[in-house]
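For this one, chain A is given, so just place chain B on it according to the hints.
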Amino acid sequence: MQEFLEFTLGGIATGMIYAAIALSLVLIWRGTRVLNYSQGGMAMFTTYVAYVVIRHTGNYWLGFVLALAAGLVLGAVCERTVVRPTEGKAPLNSVIVTIGLLILIEGVAGIIYGGQYRSFPAAYSVTGLKIGNVSLGISPNDVFTAAAVLAAAGALALVFRYTAVGLRLRATAFNSGVARLLGVRIGRVLTLGWALAGLFGALAGVLVTPTTFLYPNSMDAIFVLGFTAAVIGGLDSPVGAVIGGVLLGLVLSYAGGYLGSQLVLIYGLVVLALVLMIRPSGLFSAATTRRV
Amino acid sequence: MTLLRHLAAAIVVAVILVVLSIQLDSYRDFQMAEVAAYLTAVAGLTVLIGLSGQISIGNGAFMAIGAYAGALLLIHLNWPLELVFLASVVVAAAAGAVFGLAAARLRGPYLAGATLMLAVALPTLASQYAGVFGGDQGLSTSINTPAFLGPTFPPTRWLAWVTCASALITLVLLANLGRSRVGRSWRAVRDDEVAASLSGLNVARLQILAFVVSAACAGLGGALLAVVTGIVGPGAYTLTLSIALLTAAVIGGLGSLLGAVWGSLLLILVPTYLTNVAASHGLSGGASSSVPIAAYGVVLIAVMLAFPAGIQGGLRRLFGPAVPAAAAPINVLRRRRPGSEHQEEARHEKIT
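Respectively, the protein sequence lines represent chains A and B. Just so it is clear: in the first sequence, position 179 is 179 by the numbering used here, and no numbers are missing. Just so it is clear: in the second sequence, position 244 is 244 by the numbering used here, and no numbers are missing.
So here's chain A without its partners, still in its complex pose (with noise of 0.2 Å):
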């Protein structure tokens, strides 16, 4: 019993992770049917400049801060000059494109930093709390992730339910060609949309590399359960993403918890292929047909 609860906590706390980067990707996928695989390789690089700025200035939140404004104009940026070619092209050009950006951020990340692997700093405390005598297999830092993660994640749904660019998003995503006829500048709109992407997966990149190290491909593990995550989620639906990065980060806890914590990604890679064998449009999705 004890051991479940703090298996539990411990994955509701990397879930929010998982949600973090699952988020971003169904923020872009819903716009523009892109897939961006660098969001891995971006949340790696603004990692990055959040460690240099914390080792320059001793200062953990002006690194967290500059490291989310970064991914923002990082997010900007790479849509602005090589996503959007491939607009009206095969699907297949994007994802390659995508793939080339990953590659090329982790080039560069290496040229910049080199290989070696750096202790990222943690904002709070990651020795376990305790409530009297029952650990609860989290720390003070899991809390705060969980916290940021769903802080941004319920900004993220205000500004969508409440504001006129929140609309714009929502209008752009439903239907791009009835958004533009209302005077939607869709453009706008969808850079918009990669830079709230790159975001969220800076705030991932920020939250998770204290538990691993920071190295050119740090991320690369954590964006595969992340897109894990959308799927389960649906690729569609926000809400469905913050539930599929939950359920996985529970499902990987009890699987690495029970079974050995080596294998986890081969458990990742197990869900994966269950959810797209027994239900590849997610668990959370619309009822949508097969295109006809």
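Mixed in with the good hints, there may be bad ones.
[Said to hold, decoys possible] With beta-carbon atoms standing in for the labels, derived distance ranges:
1. A:Tyr258 / B:Ala130: 37 to 47 Å
2. B:Tyr129 / A:Gln116: 20 to 30 Å
3. A:Lys130 / B:Val270: 51 to 61 Å
4. B:Ser280 / A:Gly154: 45 to 55 Å
5. A:Leu283 / B:His281: 45 to 55 Å
6. A:Ile131 / B:Asn202: 53 to 63 Å
7. B:Val270 / A:Pro121: 32 to 42 Å
Simulated from the structure, these hints should not be mistaken for laboratory data. Just so you know, even glycine gets a beta-carbon here, dropped at the ideal spot from N, CA and C.
Only chain B this time, still in chain A's reference frame:
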């Protein structure tokens, strides 16, 4: 007729390669063997992407499967080389079939993501089951040159012969497959799945078949690479390898086997060159080894945006007749605009 023409071309090339391997020094022979090993995998990938319209970013993982299968058979059972290669092909094809079954229902981005996950996840198995797979050190293989060549025959030349022969056989088989009924069906599926299935083609089966073929080629390439480098470790079969294969296929021209040759040549020759240039400009070891990785990215983006038909497409435009419709690059397919797709789907959800 086509079969004969491909065979004749392969024999001519084989003779040239034998002469070349005797002229070259042992390091160049080694590089030749490497090119042939990569070519085998790249050829399978270019057929998968260019002809069947599916994408795999996980073919490095299938190379790993073939390489480990080959190395284990060589070490524990001491099988003859040709049987080892055959077994590697079978094992990788079986893995491809299992994965392809799950993947057959997937559209482009899902499939790419699933194969990406395979590429990232699979190497962790090697570290986990270190007893079987040798952990991070990997397994080392060694083969002997056959007795009839004499004791002084350079082993790298023998390796070059073995790998080039395997690569040539693979290319001939793939070329014929591409011209066969199966190849035509793949193109039909690639260009319009709905029309293809209305014409009575079994789309899912064709897509799985393409996936299996590319996995089998990757498996053979992996086994060849294991024999050439003499070591099979998880560090060699990372995501970067999978993306390198993709880069080679893209730069050569997707769907073109000759393009795969150009791509594989560049894949072996250019990274070493770039690393050396970077190192001579004062970059540290770790940094200069990242230069080729960044170059893959630049190539993938630049080629897809500016020259989607790759090197072979450019050559064809320069020297060949007008490009026939069937060989047109895949970008003639239009991505459905986000809006138009939604109109066709019955969407009853609320806008969130």
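Do the hints match the structure? See the list:
Separated by about 22 Å at the C-beta atoms, Tyr258 (chain A) and Ala130 (chain B) break the suggested range of 37 to 47 Å. Between Tyr129 (chain B) and Gln116 (chain A) the beta carbons are some 27 Å apart, a value that agrees with the proposed interval 20 to 30 Å. In this structure, Lys130 (chain A) and Val270 (chain B) meet the distance hint of 51 to 61 Å, their C-beta atoms being roughly 56 Å apart. Checked against the hint of 45 to 55 Å, the C-beta distance between Ser280 (chain B) and Gly154 (chain A) comes to roughly 53 Å, which is consistent with it.
Checked against the hint of 45 to 55 Å, the C-beta distance between Leu283 (chain A) and His281 (chain B) comes to roughly 52 Å, which is consistent with it. At roughly 59 Å, the beta-carbon separation of Ile131 (chain A) and Asn202 (chain B) lies within the given 53 to 63 Å, and the hint holds. Taking the beta carbon of each, Val270 (chain B) and Pro121 (chain A) are about 39 Å apart, inside 32 to 42 Å as hinted.
Checked against the numbered hints given earlier, this structure breaks only hint 1.
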